[in-house]
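So the protein sequences, as listed, match chains L and V.
Position one of the first sequence corresponds to residue 1 (my numbering), numbered consecutively onward.
Position one of the second sequence corresponds to residue 1 (my numbering), numbered consecutively onward.
If you are wondering where the hints come from, they were derived from the structure by calculation, not from laboratory data.
Watch out, some of these pointers could steer you wrong.
Said to hold, decoys possible - DSSO-like, lysine-lysine: derived pairs with alpha carbons at most 30 Å apart:
id : chain 1 : residue 1 : chain 2 : residue 2
1  : L       : 281       : V       : 202
2  : V       : 222       : V       : 18
3  : L       : 290       : V       : 222
4  : L       : 139       : V       : 18
5  : V       : 183       : L       : 139
Note that the structure is a prediction, hence the values are computed from the model and not measured.
Okay, here's what each chain looks like letter by letter:
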Amino acid sequence: MAVLVFPENWDGKFKKLSFELVSYASKVADMLGDQAIVVSIGNVEAGELGKLATYGADKIISIENSALNALDDQAYAGMIAEVAQKVNASVVVLSNNNTGKALAPRLSVRLKAGIASGVGKLPVSTTPFVVNKKVYSGKAFANVEIKTPVRIITLAQNSFEVIESPKPVVIEKSDIQPDQGLMKIKVNDVQKLAGKILLTDADIVVSGGRGMRSPDNWGPLVEMAELLGAGTACSRPVSDEGWRPHDEHTGQTGKIIAPNLYFAIGISGAIQHLAGISSSKYIVAINTDKDAPIFEAAQYGIVGDASKVLPKLVEKLKEIKSK
Amino acid sequence: MKILVCISNVPDTTTKVKFVDELKKLDVNGIQWVINPWDELALTRALELKDDAANGIQSVTVAHVGLSTSEPTIRKALAIGADDAIRVNTESGDAYSVAAQLAEVLKNENFDIILCGIESSDHNGSTVGGMLAEFLRVPSVTCVSSLKFENGQPVVSREIDGGKEGLSLPVPFVAIVQKGIAKEPRIAAMRGIMSARTKPIKVYEPQAIDNLTEVVNYEMPKPRAACKYVDAENAGQLIDLLQNEARVF
Ligand SMILES: Cc1cc2nc3c(=O)[nH]c(=O)nc-3n(C[C@H](O)[C@H](O)[C@H](O)COP(=O)(O)OP(=O)(O)OC[C@H]3O[C@@H](n4cnc5c(N)ncnc54)[C@H](O)[C@@H]3O)c2cc1C
Ligand SMILES: Nc1ncnc2c1ncn2[C@@H]1O[C@H](COP(=O)(O)O)[C@@H](O)[C@H]1O
Numbered sequence: 001m002a003v004l005v006f007p008e009n010w011d012g013k014f015k016k017l018s019f020e021l022v023s024y025a026s027k028v029a030d031m032l033g034d035q036a037i038v039v040s041i042g043n044v045e046a047g048e049l050g051k052l053a054t055y056g057a058d059k060i061i062s063i064e065n066s067a068l069n070a071l072d073d074q075a076y077a078g079m080i081a082e083v084a085q086k087v088n089a090s091v092v093v094l095s096n097n098n099t100g101k102a103l104a105p106r107l108s109v110r111l112k113a114g115i116a117s118g119v120g121k122l123p124v125s126t127t128p129f130v131v132n133k134k135v136y137s138g139k140a141f142a143n144v145e146i147k148t149p150v151r152i153i154t155l156a157q158n159s160f161e162v163i164e165s166p167k168p169v170v171i172e173k174s175d176i177q178p179d180q181g182l183m184k185i186k187v188n189d190v191q192k193l194a195g196k197i198l199l200t201d202a203d204i205v206v207s208g209g210r211g212m213r214s215p216d217n218w219g220p221l222v223e224m225a226e227l228l229g230a231g232t233a234c235s236r237p238v239s240d241e242g243w244r245p246h247d248e249h250t251g252q253t254g255k256i257i258a259p260n261l262y263f264a265i266g267i268s269g270a271i272q273h274l275a276g277i278s279s280s281k282y283i284v285a286i287n288t289d290k291d292a293p294i295f296e297a298a299q300y301g302i303v304g305d306a307s308k309v310l311p312k313l314v315e316k317l318k319e320i321k322s323k
Numbered sequence: 001m002k003i004l005v006c007i008s009n010v011p012d013t014t015t016k017v018k019f020v021d022e023l024k025k026l027d028v029n030g031i032q033w034v035i036n037p038w039d040e041l042a043l044t045r046a047l048e049l050k051d052d053a054a055n056g057i058q059s060v061t062v063a064h065v066g067l068s069t070s071e072p073t074i075r076k077a078l079a080i081g082a083d084d085a086i087r088v089n090t091e092s093g094d095a096y097s098v099a100a101q102l103a104e105v106l107k108n109e110n111f112d113i114i115l116c117g118i119e120s121s122d123h124n125g126s127t128v129g130g131m132l133a134e135f136l137r138v139p140s141v142t143c144v145s146s147l148k149f150e151n152g153q154p155v156v157s158r159e160i161d162g163g164k165e166g167l168s169l170p171v172p173f174v175a176i177v178q179k180g181i182a183k184e185p186r187i188a189a190m191r192g193i194m195s196a197r198t199k200p201i202k203v204y205e206p207q208a209i210d211n212l213t214e215v216v217n218y219e220m221p222k223p224r225a226a227c228k229y230v231d232a233e234n235a236g237q238l239i240d241l242l243q244n245e246a247r248v249f
């Protein structure tokens, strides 16, 4: 038996999310007394694969093929299912990100495995197999029993700490190939925003709402984000109005994020907004209205005008930087 | 071409959820049920595509797994503009059973494009669409933010980390949609509401399919510590607190 984890790579490199996944799988494997086995798909350098051992992987199975550079839901799921059967996996762990959402449901059908998605903690118990997951967009949690011999977990990003527990690792090049008959998706064009910190990867996020008053007032907010190495985000009306790009919109109908620190500036804290950010470790609210609901979700708050407060914060951060 | 939109029936997003029966069940008292927001946008997009005759869309159907108590939600979808509906008459169980019930019915139909939402706002599964595609053995694309027709063929774009990918794939396929698929949900006009009453809802009896998962109980989130206020005049103090107390940078 084994816990199988798919850590995904980005242009041949792993990142923090991959290490969170392997750390999590390795701890679940400890609970079950099983091995943690990684399945990697696509061309990845040996050095990159070796890094995964730092987080407790016992074995790495690498499927390398340059035809696998773009995600094809059906073909990828087929290969992971094949590995899962080969290693007799009792648990399969993926991320609850775009890729995980594409693959986990297909694996569930292929392996007749119950699934719990958006899990943030280690299983509550292993017999019966119960995990805790977010429901109602963060307004509650559910303890879900997965009743099948194989279980699939998708892990919420930034919810599980990276844990170093280096092990000697076996790297095995697999001869599994994608089923060409299943590869039906043709990629016509790729557009990437270069140099921007991905919202889902950012440890700190600075976000503005309608209280920013105008698209011309974003200068100090962006400057603060740069000083903090933070991502920038916004509420839905702000992206709807075209004040900020759509990929910055957080909330129920936008991105769901869980940074360590979230600044909500001129954001009222509507329940649909909170749905996307309530898992943040710390929330800071800056708002002119002392009764704005965002203060109920926040640990730190300033009742004040963003246009006056932001320059003060920027000034202070610069002062710290110059020391 | 025929489009199907799978819709789930969820509590209005502003609902303050409560649980009863030793935290085993949702307290449905006073809950307003609505079409899952993503599904409403998917339906809107399907209708926009049908409006343009050049796309050659014959019909837009909605499908739902649920008891007759969710018929108001189906009628609302018909009022917005769907031509007809399919309902599988069983309590909506876990994602696997919902997808399996849908697949049983759909394998005898010939929809070209099946649209699902990226997640239901109740159990936040993000799983029914992908499962349905696998049961039907058709390709799928997840995180779809645009669906249009070029030279009579559907093209989609999906969100990837830090960007977008434009894709084409043969029908039939499942597109699992998210932000961007449509701007604002289409609202039912008076004429739509009147005609919805007579539009057909085909009801299918369920297959014997087991749930693979079960909710043991629910928990409410732990209350957060009360907010600590910093005076706006001394805003810089906030940075000190974040650095030395919260230690976030
Ligand atoms: C189905 C559905 C889904 C939705 N999904 C989302 C979603 O994903 N994300 C989302 O954000 N919203 C979503 N919404 C919209 C949501 O309900 C709110 O309307 C929205 O979040 C409000 O945005 P806001 O806080 O920027 O604006 P407002 O609610 O207008 O709040 C502006 C705030 O700024 C404060 N303010 C004003 N001037 C200043 C100043 N000078 N300095 C500081 N503060 C100031 C005000 O006191 C107020 O609190 C959704 C709604 C529905 C119905
Ligand atoms: N009971 C249901 N009947 C029909 N479609 C559903 C049902 N539940 C979920 N779906 C579809 O699956 C999508 C994702 O739901 P979920 O996997 O539950 O998060 C929804 O947006 C719907 O399109």
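For each hint, the structure was consulted:
no.	hint	in the structure
1	L:281 - V:202	violated (47 Å)
2	V:222 - V:18	holds (14 Å)
3	L:290 - V:222	holds (23 Å)
4	L:139 - V:18	holds (9 Å)
5	V:183 - L:139	holds (26 Å)
The structure does not agree with numbered hint 1 stated previously, though it agrees with all others.
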